[in-house]
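Participant: Each chain, written out:
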Amino acid sequence: MKRDISSKDGENTPNGVDRMIDQQSSRPHVAAENSDEARLRQRAIGVKLRQMFDEVVNEPVPDEFLEILRRADSSSGKER
Amino acid sequence: MSASEDLSTLTGAARDNVFQKDLVTLIPHLRAFARTLTGNATQADDLAQDALIKAWDARASFQLGTNMKAWTFMILRNQFYSDKRRSWRSTQLDQEAAERTLVAVDDPESPVALDELRQAMAVLPAEQREALILVGAGGFAYEEAAEICGCAVGTVKSRVSRARKAVQGILEAGAYGRDGRPADEAMGNILSEAERLSAAR
Chain A
1 MKRDISSKDG
11 ENTPNGVDRM
21 IDQQSSRPHV
31 AAENSDEARL
41 RQRAIGVKLR
51 QMFDEVVNEP
61 VPDEFLEILR
71 RADSSSGKER
Chain B
1 MSASEDLSTL
11 TGAARDNVFQ
21 KDLVTLIPHL
31 RAFARTLTGN
41 ATQADDLAQD
51 ALIKAWDARA
61 SFQLGTNMKA
71 WTFMILRNQF
81 YSDKRRSWRS
91 TQLDQEAAER
101 TLVAVDDPES
111 PVALDELRQA
121 MAVLPAEQRE
131 ALILVGAGGF
141 AYEEAAEICG
151 CAVGTVKSRV
161 SRARKAVQGI
171 LEAGAYGRDG
181 RPADEAMGNI
191 LSEAERLSAA
201 R
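Residue numbers (the working numbering), protein chains in the order written: chain A, 1 to 80; chain B, 1 to 201.
Hints may contain errors.
What the hints assert, rightly or not - Covered, in the sense of this in silico footprint (three residues per stretch, anywhere, with C-beta under 8 Å from a C-beta of chain B), are these stretches of chain A:
1) 37-44
2) 50-60
3) 64-73
Said to hold, decoys possible - The following label-pair restraints were derived from C-beta to C-beta distances:
4) A:Asp-54 - B:Thr-155: 21 to 29 Å
5) B:Cys-151 - A:Asn-58: 24 to 32 Å
6) B:Lys-84 - A:Asn-58: 22 to 30 Å
7) B:Thr-155 - A:Asp-36: 23 to 31 Å
Simulated from the structure, these hints should not be mistaken for lab results. Fair warning: this is a prediction, and the values are worked out from it, not measured in the lab. Ideal Cβ placement from N, Cα and C applies to all residues, glycine included.
Could you build the full structure based on these sequences and the hints that come with them?
Facilitator: Here's what the structure looks like:
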């Protein structure tokens, strides 16, 4: 029965079982390392993301923007 | 301003004055948000200027003392999507963004970390990009971002989380390209990642 569902050779031999247990027991360790690394990478991405955003925030505002509000100001002044 | 009751009693020119002073301080943030949405400085400033005009025209509907930053970001975002809907080129633009990324990854000299991030952002589906930028750089809480995007808080959370994973994956694919692996392998990774993400919407 087992032989029918397993495609790999030796998977139902004692050796194969040992190998599977080894893989399973090493998994949590690897996952913890990966998530630490992932957290560090995510933090680095976060810092860069804010840097990217702040770069534009810190640019001087082009005059057209203030011109829009000046125009709006004078036209709303006329209305009143 | 100390008391919001004082603000709500303002009318006419005095109210406009307060409104405009607050609006001016938000212009740099609107420009930054527009830049990340469009990925293009000229388009971004057009978009931000349109949003500024819309915000000014709608000033009567804004309640002074509430979150003007979130309010203006929502206006800018709506403007962006209505422009995009009108433009049949929208999908083509995303394709162009993807191609720019591939070209940069192909060149081992040019990539600067910040440019890579900018390009990775450009490949993301728009809704993930905006969620990540609002929460990750714009300083908005998930709840505020949800209000700006007109969706549930849980939706924003999952978009941000998918965007983070995707950006990381794209940056890693780019790094493989520089490690001397065939550049088309990195390109394939980026394209399939972008494709997978768009499908997961």
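Participant: For each hint, tell me whether it holds in the structure or not.
Facilitator: Comparing the hints with the structure gives:
no.	hint	result
1	37-44	holds (count 3)
2	50-60	holds (count 10)
3	64-73	holds (count 7)
4	A:Asp-54 - B:Thr-155: 21 to 29 Å	holds, 26 Å
5	B:Cys-151 - A:Asn-58: 24 to 32 Å	holds, 30 Å
6	B:Lys-84 - A:Asn-58: 22 to 30 Å	holds, 27 Å
7	B:Thr-155 - A:Asp-36: 23 to 31 Å	holds, 28 Å
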